[in-house]
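> Here the numbering used here is used: the first residue of the sequence shown is 1, the next is one more, and so on.
Hints in this document: simulated from the structure, not taken from any laboratory.
Just to be clear, a hint being listed does not mean it is correct.
Derived DSSO-like pairs (lysine-lysine); straight-line CA-CA distance at most 30 Å [said to hold, decoys possible]:
hint, residue 1, residue 2
1, Lys504, Lys434
2, Lys434, Lys344
3, Lys248, Lys458
4, Lys434, Lys246
Using C-beta positions, here's what the derived DEER-type ranges look like [stated by the list, open to error]:
hint, residue 1, residue 2, range
5, Pro366, His532, 13 to 23 Å
6, Thr459, Leu175, 18 to 28 Å
7, Arg520, Asn171, 21 to 31 Å
Here a beta-carbon is modelled for each residue, glycine too, at the ideal position from N, C-alpha and C.
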Amino acid sequence: MKKFKRVHRKKQLALEPASKKSPSPQLPQRSVRFLATVRSPRPTRINMMKAFSIRNSKRLGEQRFVARITTLIGMLFAVHLGGQLSLADEPPNIVLIIADDMFADDFGFMGNRDVLTPHIDRLAARSARFINGSVPTSVCSPSLATILTGLYPHQSGLHFNHPPPGNSAFNQMSLVDEYERTRSESFEIIRNLPTLPRILADERDYLSLQTGKFWEGKFSNAGFTDGMTIFEPVPGQSFGGNRTLKNKQLAAHGNGDWGLKIGRETMAPIETFLNDHPSSPKLIWYAPYLPHQPHDSPQRFYDLYRNRDSVPEHKIPYYASITQFDETVGQLVDIIEERNLTRKTLFVFVIDNGWEASEERSRSRPEEFDHTRTSKRSPFEPGLRTPILLSWDGVTVPETHDQPVSSIDILPTVLSVFNLNGYDSQLPGVNLWKAACGEETLDADRVLFGEIYPGDAKTLGHPEDHIAYRWAKHRSMKLIVVHEQDDSAPWGRYLTEDALFDLKTDPNETTNLIDVPAYREQADLLRSQLDHWWDGNTSELLFSPSTSTSSEK
Numbered sequence: 001m002k003k004f005k006r007v008h009r010k011k012q013l014a015l016e017p018a019s020k021k022s023p024s025p026q027l028p029q030r031s032v033r034f035l036a037t038v039r040s041p042r043p044t045r046i047n048m049m050k051a052f053s054i055r056n057s058k059r060l061g062e063q064r065f066v067a068r069i070t071t072l073i074g075m076l077f078a079v080h081l082g083g084q085l086s087l088a089d090e091p092p093n094i095v096l097i098i099a100d101d102m103f104a105d106d107f108g109f110m111g112n113r114d115v116l117t118p119h120i121d122r123l124a125a126r127s128a129r130f131i132n133g134s135v136p137t138s139v140c141s142p143s144l145a146t147i148l149t150g151l152y153p154h155q156s157g158l159h160f161n162h163p164p165p166g167n168s169a170f171n172q173m174s175l176v177d178e179y180e181r182t183r184s185e186s187f188e189i190i191r192n193l194p195t196l197p198r199i200l201a202d203e204r205d206y207l208s209l210q211t212g213k214f215w216e217g218k219f220s221n222a223g224f225t226d227g228m229t230i231f232e233p234v235p236g237q238s239f240g241g242n243r244t245l246k247n248k249q250l251a252a253h254g255n256g257d258w259g260l261k262i263g264r265e266t267m268a269p270i271e272t273f274l275n276d277h278p279s280s281p282k283l284i285w286y287a288p289y290l291p292h293q294p295h296d297s298p299q300r301f302y303d304l305y306r307n308r309d310s311v312p313e314h315k316i317p318y319y320a321s322i323t324q325f326d327e328t329v330g331q332l333v334d335i336i337e338e339r340n341l342t343r344k345t346l347f348v349f350v351i352d353n354g355w356e357a358s359e360e361r362s363r364s365r366p367e368e369f370d371h372t373r374t375s376k377r378s379p380f381e382p383g384l385r386t387p388i389l390l391s392w393d394g395v396t397v398p399e400t401h402d403q404p405v406s407s408i409d410i411l412p413t414v415l416s417v418f419n420l421n422g423y424d425s426q427l428p429g430v431n432l433w434k435a436a437c438g439e440e441t442l443d444a445d446r447v448l449f450g451e452i453y454p455g456d457a458k459t460l461g462h463p464e465d466h467i468a469y470r471w472a473k474h475r476s477m478k479l480i481v482v483h484e485q486d487d488s489a490p491w492g493r494y495l496t497e498d499a500l501f502d503l504k505t506d507p508n509e510t511t512n513l514i515d516v517p518a519y520r521e522q523a524d525l526l527r528s529q530l531d532h533w534w535d536g537n538t539s540e541l542l543f544s545p546s547t548s549t550s551s552e553k
């Protein structure tokens, strides 16, 4: 048996919930701008000063008229049948809440008594709670793309943070136009994929708002009708979203630019979006740059942890950012409740990838600490685990599910709410909706799969040339397969040979059982399943639903 050094974690108990109403911090005088534009496959650049622009009023009026007629017909049809409309018969608003860089257990509802997450805990208390979730990959951009598309990174082609020639090479460019032109080549991928906002717009006339983290250029590239990210730099923004080129010119970093203001500086774009479109069904993508580094939360969040003996120094900056994020979730829920939309809204909560604080100080910001090598970017559990919450008051059943699930399941689950079942055969995820509503039990024998890549892509359209690790997990057994890697690739090596871990007896993944005869059969079976998953899902993607259960457009 081979030994690997890992950081040991203690299991902790639940946190008592706090008071219901969340604080409402004062918003900046100059609230963040965002754009509301009609759908366009290749949007032109729009002047940022035309903030909070409104979509064509005539078209909106037509949509409202059609919506009223459709609702009236539905009600008459229900009366004719002698039945009543249930909540599920009305199209819900969808609010996707995505935590950025957070360990799965660092919530009160997941058993951590030290970290303060009262607002998320309250949301969890009224949710179907899938506590044994995973993301297929442990880094931001490809994980977010999985949520948007319902596809694994090697299916969508979005397996990287930075397209060719890579992050360092981008920084060495001298011209903003050259940088934008080169980076924009990869945006064609998302433009040609069905995404959640694009599907809901096409099938159900949904409006959608993008806020926060987003790696695909302008928000409309992914089918959002409204959004904050426009692939332009944000002068004076200190916490991310910009990059400085070789000649000191400022350019958009590529991870969200103006969108990263959400949560950290303002919640106003969400309120404006809801106020501008009171009658239209809506999707909100809330992916704030929290608790992602920099952990530069206001002092009041740090003060919550400084005198707590149970919280070590290296966790204080990270925990402060978690509680700041939690407060914004409370504000978001309040925004929905104040408009009497709670019983008309499906909340979905997930983490994009894991993150654990190490005891090593950050070189760029010595007041905070770097993450452990076994969390973000790695093929290990601290980088891959996430809870998934589904909450629609009166429809979902608040209870805990311990069967294995994945963020790949979110898209088919949401589409099933709208009876858009024509996509099921081409989506690899599992529909969680009946389980969330208390109507069925999920398969405890399900095998989960995933893949890890370097942050930079050398070419587009060839994920198989970049794969670093593939993993498969069945119950407590987890196989990690190592692929040939370029030693110069960023983020380094995590394993030099294939590994098999028993997560029940070895949760920190320190003891490799791959060469133990008693485990050989299990290793071979997982390898066969992993290869079948990979071979069966690696092909040119021709994604179009064969049928639709409704003629609504």
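> Just tell me: holds or violated, for the beta carbon distance of Thr459 and Leu175 against 18 to 28 Å?
Taking Cβ atoms as reference, Thr459 and Leu175 lie about 23 Å apart, which means the hint holds.
> Taking only the CA atoms, is the gap from Lys504 to Lys434 under or equal to 30 Å?
holds, 28 Å
> So the hint says 21 to 31 Å: do the beta-carbon atoms of Arg520 and Asn171 match that?
This hint is violated: roughly 47 Å between Cβ atoms.
> Would you check the hint for Lys248 and Lys458, treating anything up to 30 Å between C-alpha atoms as holding?
Holds. Lys248 to Lys458 sits at ~25 Å (cutoff 30 Å).
> Against the range 13 to 23 Å, how does the distance between the Cβ atoms of Pro366 and His532 compare: consistent or not?
violated, 48 Å
> Verify the proposed pairing of Lys434 with Lys344, using a straight-line Cα cut of 30 Å.
Roughly 18 Å between the alpha carbons, so the hint for Lys434 and Lys344 holds.
> Straight-line Cα separation of Lys434 and Lys246 no greater than 30 Å?
violated, 53 Å
When each numbered hint is compared with the structure, violations occur for hints 4, 5 and 7.
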